[in-house]
Amino acid sequence: MSQVVPVDYQSKVHKPDDFDAFWDDVLRQVAAIPLQAEVVPDRLRTSEDVEVFQVFYTSLEHVRIAAWYCRPARRAARTPAILLLPGYQADPPIPKEWARKGYIALSVAPRGKLRSARQFNPGYPNLLTYNIVDRHTYAYRGFYVDTWRGMDFLLSRPEVEPGRIGVTGSSQGGGLTITTAAMRSEVRAAAAGAPYLCGFMDAIALTHTYPYEEINDYLRLHPESRPRVEETVAYFDGINFADQISCPIIVNIGLQDNVCPPETGYALFNKIGATDKQLYTYDGHGHDAGRAQHSAIVDRFLAHHLLAEG
Amino acid sequence: MSDQTPVDFDAYWQQTLDDLAHYPVCPEIDMLPLRSTAFATLYGVRLTSLGPYRVFGYLSIPTGTGPFPAIYYPPKYQSVLEIIGQGSTNLQRSRYITFALAGRGQRHADTPYAAMFPGLLTEGIDSAASYIFRGIVADSVRGLNFLLTRRELDAARVVVMGNDMACITAALSAGVTHVVTAPALFYNTAELAPRTQVYPLEEINDYLRMFPARAEAVRHTLAYYDLRAFAPRVTATTLLMAGAPGTLLDGPALAPLVTALQGQVTVYDSAQSNYKDGLYVEQWMAAQCGITDVQSILPEHWRS
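Respectively, the protein sequence lines represent chains V and U. With the numbering used here as the guide, the letters of the first sequence map in order to residues 1 to 310. With the numbering used here as the guide, the letters of the second sequence map in order to residues 1 to 304.
By construction, these hints were calculated from the structure, which means they are not laboratory data. Every value quoted in this text rests on a predicted model; they were computed, and no experiment measured them. Check before you lean on any hint, since a few could be wrong.
These stretches of chain V come out as covered by chain U in the derived footprint (C-beta under 8 angstroms, 3 or more residues) [claimed, not checked]:
{"#": "1", "stretch": "89-96"}
{"#": "2", "stretch": "121-134"}
To give an idea of the interface, some chain U residues facing chain V are shown, with a C-beta separation under 7 angstroms as derived from the structure [stated by the list, open to error]:
{"#": "3", "residue": "Arg-35"}
{"#": "4", "residue": "Gln-78"}
{"#": "5", "residue": "Ser-79"}
{"#": "6", "residue": "Thr-89"}
{"#": "7", "residue": "Asn-90"}
{"#": "8", "residue": "Glu-123"}
{"#": "9", "residue": "Asp-206"}
{"#": "10", "residue": "Met-210"}
{"#": "11", "residue": "Phe-211"}
{"#": "12", "residue": "Ala-213"}
{"#": "13", "residue": "Gln-272"}
{"#": "14", "residue": "Ser-273"}
{"#": "15", "residue": "Asn-274"}
{"#": "16", "residue": "Tyr-275"}
{"#": "17", "residue": "His-301"}
{"#": "18", "residue": "Trp-302"}
If you want the ones that stay clear, here's a sample from chain U, every Cβ over 12 angstroms from chain V, calculated [as the list claims (entries may be wrong)]:
{"#": "19", "residue": "Asp-18"}
{"#": "20", "residue": "Glu-28"}
{"#": "21", "residue": "Ser-127"}
{"#": "22", "residue": "Ile-132"}
{"#": "23", "residue": "Arg-150"}
{"#": "24", "residue": "Leu-192"}
{"#": "25", "residue": "Val-265"}
{"#": "26", "residue": "Ala-287"}
Backbone N, C-alpha and C fix where the C-beta goes; we use that ideal spot for every residue, glycine too.
Excised from the complex, chain V in its bound form (with noise of 0.2 angstroms):
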């Protein structure tokens, strides 16, 4: 059997005394942007239970950012809905099933990934390194602000219940499903599995793999750059905004994880600040965190507090 994970792993980020200035000032800049929403009817993906759009609004620096929309064709007038949140190489997916379920879905796009690439293309591999020696321009500065506008294009739903939206995702959606509920006060209940953007530096001593072997690629090319590096990164490390979490919160991780290791996920959810939070730990499983199994109880976490159910 493969290695044991200590529980109480303490990573090494440091949250920086300026953290809450510095996104405070992002907030202020983005909030200064109109949505400028436009909602597609796309006729093609629509069936007789589930209506799909294609969503564009505007978000930082003016960057246009692509969603896919769907909805149960037969719903309540206000209707819960779900922000669901990418993996670092998947392409977002058209949340049908999450609509099948009962919720209005937002399945988002970030600048950089496919259909909101025109004005903003790092490349993968590449975008976890774009400007990471400049938290002002690094790639996620961005990235992160183009998923809480999200939320906005939620809220500024007539048919969105807005005391009751959700966010979920795993890897990189994990990871942005802890910035989400960190950053936007209107979540009501999030579900990150396999949490990606946690324990950055911790993680590119723990594995080699991609996406965060990108970083050991960069430092070994340039290695008068890792303070700087630290340094930016730490702006953007789940693990420091995780304090701010106060909604019910579930965390899945595979013990086994060889792309975003178990350690950084026990190190995160310590830090959550939420009292109603559980991690859920796999053993035998990877980077899946234990999907297969784990979906149930996510479907039952979410209908419980968005649904009312359970």
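Chain V is fixed; fit chain U onto it per the hints.
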């Protein structure tokens, strides 16, 4: 071949290969210092394929004197091109030559054609002659044939690893010794798609809901891509990655494919664990390629 195999199946693919051969490869190879290490050097490779169309791949060559076994990653069903599969440790590149190809439409090969995901699976699907995958299969064959020209390569140890494209590429090319294939797109597709609402097969359902009159044309095109028709041409030793028991593409569902494959076949039923499934594949490839210290190239969290 299956009963559904078109009578001109062989002619269709021979014509595709003949058309491909009309275009010289014209490789451009550029070293990529950012992704090169002490144990492997990475190159960006551009090749001409059917069309003509320029495609791109990441080629990694281990440090040292070969010959080395090789893993060829044919085009995946996603927009992103990975250097090696996510989850494999970078140290895989210390022992294997790896070559990952972006077919037309994927990143780095998305000019002039940029594929959509979902969307690619039904691009031109109502005509076998113009179906996008005819070009993508040609891209994949071209990529493999380029890899086989590398002097560092041990021709006795050439693994093709991927989804359906691995099996199809092995069927249409000489030189493949081992195949790792996880069918997802082209196994009994016309019959299985209506039984799921999950992408990518849901793309077929979307398309036929919009264009019901094209159902027969779609069925006709898909018959040229069905793995059961390619299987009699596959003589390589094969690891068939089946879905978990009870899923759409589980072992029993794939039984006709197992029977039709001509090489030695091992069927692995997914444990729905990236760890267990991934570890099995890494160990299988290492054993087949004579790599005795597989522990040293496994991800840290998978080592004993």
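Do the hints match the structure? See the list:
1. For the stretch 89-96 of chain V, the stated coverage by chain U holds: 6 residues have a C-beta nearer than 8 angstroms to a C-beta of that chain, and at least 3 were required.
2. Interface restraint, the stretch 121-134 of chain V with chain U: holds (3 residues with C-beta to C-beta distance below 8 angstroms; minimum three).
3. Using the Cβ-Cβ criterion of 7 angstroms, the hint placing Arg-35 of chain U at the interface with chain V is satisfied: the shortest such distance is roughly 6 angstroms.
4. Interface hint at Gln-78 of chain U: satisfied, since its Cβ lies 6 angstroms from the closest Cβ of chain V, which is below the 7 angstroms cut-off.
5. About 5 angstroms separates the beta-carbon of Ser-79 of chain U from the nearest beta-carbon of chain V, less than 7 angstroms, and the hint is met.
6. Given the 7 angstroms rule on beta carbons, the hint for Thr-89 of chain U holds: about 5 angstroms separates it from the nearest Cβ of chain V.
7. Because the beta carbon of Asn-90 of chain U sits about 5 angstroms from the nearest beta carbon in chain V, less than 7 angstroms, this interface hint is met.
8. Below 7 angstroms, beta-carbon pairs count as interface contacts, and Glu-123 of chain U has none with chain V, the closest being about 12 angstroms; its hint is therefore violated.
9. Taken as an interface hint, Asp-206 of chain U checks out: its beta carbon lies about 5 angstroms from the nearest beta carbon of chain V, inside 7 angstroms.
10. At about 5 angstroms, the closest approach between the beta carbon of Met-210 of chain U and any beta carbon in chain V falls short of 7 angstroms, and the interface hint on this residue holds.
11. Because the closest C-beta pair between Phe-211 of chain U and chain V is about 9 angstroms apart, greater than 7 angstroms, the hint is violated.
12. Interface hint at Ala-213 of chain U: violated, since its Cβ lies 15 angstroms from the closest Cβ of chain V, which is beyond the 7 angstroms cut-off.
13. Evaluation of the Gln-272 of chain U hint against chain V yields a held restraint, the C-beta minimum of about 4 angstroms falling below 7 angstroms.
14. For Ser-273 of chain U, the interface hint holds, since its Cβ comes within 7 angstroms of a Cβ in chain V; the closest pair sits about 5 angstroms apart.
15. About 4 angstroms separates the beta-carbon of Asn-274 of chain U from the nearest beta-carbon of chain V, less than 7 angstroms, and the hint is met.
16. A least Cβ separation of about 3 angstroms between Tyr-275 of chain U and chain V falls short of the 7 angstroms threshold, and the interface hint therefore holds.
17. Of the supplied interface hints, the one on His-301 of chain U holds, with its beta-carbon coming within about 5 angstroms of a beta-carbon of chain V, less than 7 angstroms.
18. With 7 angstroms as the threshold, the beta carbon of Trp-302 of chain U comes within range of chain V, its nearest partner Cβ sitting at about 6 angstroms, so the hint holds.
19. Non-interface call for Asp-18 of chain U relative to chain V: holds, since the shortest CB-CB distance, roughly 33 angstroms, exceeds 12 angstroms.
20. Interface exclusion of Glu-28 of chain U from chain V stands, the closest Cβ pair being 18 angstroms apart, more than 12 angstroms.
21. No Cβ of chain V comes within 12 angstroms of the Cβ of Ser-127 of chain U; the nearest lies about 18 angstroms off, and the non-interface call holds.
22. Listed as outside the interface, Ile-132 of chain U is consistent with that label: its C-beta sits roughly 16 angstroms from the nearest C-beta of chain V, beyond the 12 angstroms cut-off.
23. Every CB of chain V lies more than 12 angstroms from the CB of Arg-150 of chain U, the least distance being 23 angstroms, so the non-interface label holds.
24. With a cut of 12 angstroms on Cβ distances, Leu-192 of chain U stays outside the contact zone with chain V, its closest approach being about 18 angstroms.
25. A cut-off of 12 angstroms between C-beta atoms confirms that Val-265 of chain U is not in contact with chain V; the least separation is 25 angstroms.
26. Interface exclusion of Ala-287 of chain U from chain V stands, the closest Cβ pair being 19 angstroms apart, more than 12 angstroms.
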